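Residue numbers for the sequence shown follow our numbering, so the first one is 1 and each next one is one higher.
Heads up, some of the hints might be wrong.
Label pairs and their calculated CB-CB ranges [to be verified]:
id: 1; residue 1: Ser130; residue 2: Ile103; range: 36 to 44 Å
id: 2; residue 1: Asp48; residue 2: Thr75; range: 20 to 28 Å
id: 3; residue 1: Lys171; residue 2: Ala112; range: 20 to 28 Å
id: 4; residue 1: Gly46; residue 2: Thr75; range: 47 to 55 Å
id: 5; residue 1: Ser74; residue 2: Ile18; range: 19 to 27 Å
id: 6; residue 1: Ser77; residue 2: Ser47; range: 21 to 29 Å
Treat the hints as calculated values from the structure; they're not laboratory data. Quick caveat, the model's predicted, so the values are computed rather than measured. All C-beta atoms in this analysis are idealised placements derived from N, C-alpha and C, irrespective of residue type, glycine included.
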Amino acid sequence: IVPPPKAPCPGSPLNWDIPHFYVSYPFAIHDPGVKNPPGYFLHHVGSDPSAITVISNRCKGIATSDGGPCSPCSTASVLVDVVKDKASRSLGAFSERSQSALIDQIAVLEEANKKLRFQNIDYKRDLTVSRARVIEHSQFLDLVSRHDVPGLHRLIATALKEKVAIGGLLKRVQKAIDGKWHARNYSQADYDLAMLIYELGGGGAVYALNHAGPREFSGSPNVLACSRVAG
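Throw the hints in and build the complete structure from the sequences for me.
Printed below as a string of structure tokens:
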């Protein structure tokens with residue numbers, strides 16, 4: 001008597017309880033090129049996800065005596081649970097993630113990329129401003145090194161007090177060199193010197209000192225300022 005042929009292993013039900021199977025299942029894990037295959041493959045994939053079964057890579061190919069799955073396939077649900085856990089939490093490599101998880105990840109990456117673009121714009125703007133400030137500082141040093149700027153210490157003190165930026169200070173230095181800017185924050189020594197000149201030579205001497213004298217005295221207190229102090 002020839003024994004009846006043994007039935008093939010039917011595999012185990014997939015039991016994928018995450019909604020929208022065809023979107024939530026990471027089909028890419030079954031690609032032959034993945035580094036960490038799941039250890040099983042899907043069988044009877046069709047329009048009805050509940051009919052899909054899981055066949056272990058170690059399947060014996062023969063059903064049990066009662067027609068159930070072989071021992072490797074009967075324990076394949078453990079492997080499915082690992083995949084299901086990663087898919088539900090968007091863990092693992094991209095090949096282990098579902099389509100919906102990948103779409104969410106793309107949205108996150110696009111938002112991060114947008115922020116980086118804005119940061120890059122800010123960095124470029126800051127770099128441009130910094131380079132302009134370096135140029136202005138260099139121009140300031142060049143001016144004060146090549147010219148005897150009248151009242152330079154008063155000019156700088158006034159600019160610092162008024163919180164003038166380097167660009168504004170540079171313009172004031174150039175105006176002072178051209179005789180078009182005179183800082184008025186005179187020290188007591190400036191008034192004392194002007195008063196001495198006033199007493200020795202009168203208003204004409206103070207005017208000459210203020211306009212045509214040596215650079216270190218040019219821009220010193222005028223007659224009106226001296227009269228206010230004396231008055």
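We went through each hint and held it up to the structure:
1. Ser130 <-> Ile103: 36 to 44 Å: holds (41 Å)
2. Asp48 <-> Thr75: 20 to 28 Å: holds (24 Å)
3. Lys171 <-> Ala112: 20 to 28 Å: violated (43 Å)
4. Gly46 <-> Thr75: 47 to 55 Å: violated (25 Å)
5. Ser74 <-> Ile18: 19 to 27 Å: holds (22 Å)
6. Ser77 <-> Ser47: 21 to 29 Å: holds (23 Å)
Hint compliance for this structure: hints 3, 4 are not met, and every other hint is.
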